[in-house]
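Number of protein chains: 2
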Amino acid sequence: MSSIQIIGLGGIPEVSQGSDLAEIIVEASKKNGVRLQNGDVVVITQKIVSKAEGRLVDISSIEPSPFAHRVSKFLQKDPKVVEVILSETERVVKMVRGLIISQTKHGLVCANAGVDHSNVPRNLLCLLPVSPDRSAKKLRSQIMKLTGVKISVVITDTFGRPWREGQTGVAIGLSGLRPLDDYKGKKDDFGNDLKVTVIAIADEIASAADLVMGKTDRTPVAIVRGYPVEGDGTAKALTRKPLRDIFR
Amino acid sequence: MSSIQIIGLGGIPEVSQGSDLAEIIVEASKKNGVRLQNGDVVVITQKIVSKAEGRLVDISSIEPSPFAHRVSKFLQKDPKVVEVILSETERVVKMVRGLIISQTKHGLVCANAGVDHSNVPRNLLCLLPVSPDRSAKKLRSQIMKLTGVKISVVITDTFGRPWREGQTGVAIGLSGLRPLDDYKGKKDDFGNDLKVTVIAIADEIASAADLVMGKTDRTPVAIVRGYPVEGDGTAKALTRKPLRDIFR
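Residue numbers (the numbering used here), protein chains in the order written: chain X, 271 to 518; chain A, 271 to 518.
Treat the hints loosely; a few may be bogus.
Copies of the same chain look alike in the list, so a pair counts if it works inside one copy or between any two.
Said to hold, decoys possible - Here are the simulated DSSO-like pairs of lysine-lysine, each with C-alpha atoms no more than 27 Å apart in a straight line:
| # | residue 1 | residue 2 |
| --- | --- | --- |
| 1 | K456 | K350 |
| 2 | K364 | K301 |
| 3 | K506 | K364 |
| 4 | K456 | K347 |
| 5 | K511 | K350 |
| 6 | K364 | K511 |
| 7 | K506 | K301 |
Because the hints were derived from the structure by calculation, they are not lab data.
Quick caveat: nothing in here was measured; it's all calculated off a predicted structure.
Build out the structure end to end from the sequences listed, making use of the hints.
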């Protein structure tokens, strides 16, 4: 029997630019009676990382380009919002039905370049962190310093996907774990080679954590306890390069 | 604090056509010391459901069609395997690089129509269950009869996806839970409408369970304990209809 626990940390205060997330998380874990342990994966939603890093844009300050104006008419979307989305986009994968599917500067492919207005004041838009992998690395070392235990960090967002309804949690930044578990070279129980099975464990961890996070409750942090974390890596490794992608 | 436990059930014996999966799972849960409780979600990999239902095909018995022969040359793939994949395919979404991306009879979009040769004897191919939702419903009622507790069932597979590396667990059949959690009409902490957030919780449960299942270890069953399951539905509801899909 193997067992993993997914613990949602409630009671996290509202985060703003400059908030010390490491301290907030360590405090919350104590208040929740789940003091961090060696091997824990600390999962954090992108939203509070972005807020702590000041990645909020006041819509009223935006000057849409002529292109943003044309696109906004086609998509029936506020030209200022379109301008912000385009500023976060490296490549437009698709524009249709009110949506821009963007390849972001991080190599992520997602709706509206991850630009989002939920859980922020009405006049603001929230952008993804500049470098979620770097944010994860920094947070990890700060939390390890505060606690003296070895942990990993995963920063998550929820993305839609082709072919299936609904969004699921994905890892957009991480530190202290290998994001992909490669079965190549291993054999199954019948001695067949497991040729093409690579499991995106960091995305599975993000999805697992999302089950306790919810969208409207103040649970932007979860601890995944009992998963045998190995190695190190980046969430960048989870983004498929366009040339390897038969759908781009 | 909210907490979910993901428990992998080890020691499941090799399953073959006609095996009583409900009994096997109930026995394994007792042996693992995690007797089933009200509210548990029993997560089962497709492979043992298919085996119990006899969804195995002997490759040597297959007569490839002329079309399968042509495709097999183009894809550099065994024509008999191609024939089996095509027989499970309703629509080819893409053919490229040794892969057929199929829309199956269930409405799933996945590589090779879910036809798979891992964890089965060398001359056999494993097909998806005929109706994974029906399989889940039947298993659920059998397990509830044996145990007297109210549980849900999710049947899973691991699928690749566009844009991201690695596979993740997805729900292909289910019973006793609502697969999509719709935030429409709910408000975030700032009073903004959460317009487009629908979370595919059944897929997140499948991914969470996959973390304890592994591919080469004999852990084809997991229990998700502590998730507040609600309602009922089907995994069919997770498959996006082609007309709603901007990538088909």
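Hint check results:
| no. | hint | verdict |
| --- | --- | --- |
| 1 | K456 x K350 | between (51 Å within a copy, 25 Å between copies) |
| 2 | K364 x K301 | neither (45 Å within a copy, 51 Å between copies) |
| 3 | K506 x K364 | both (21 Å within a copy, 26 Å between copies) |
| 4 | K456 x K347 | between (50 Å within a copy, 22 Å between copies) |
| 5 | K511 x K350 | neither (30 Å within a copy, 32 Å between copies) |
| 6 | K364 x K511 | both (17 Å within a copy, 18 Å between copies) |
| 7 | K506 x K301 | neither (33 Å within a copy, 41 Å between copies) |
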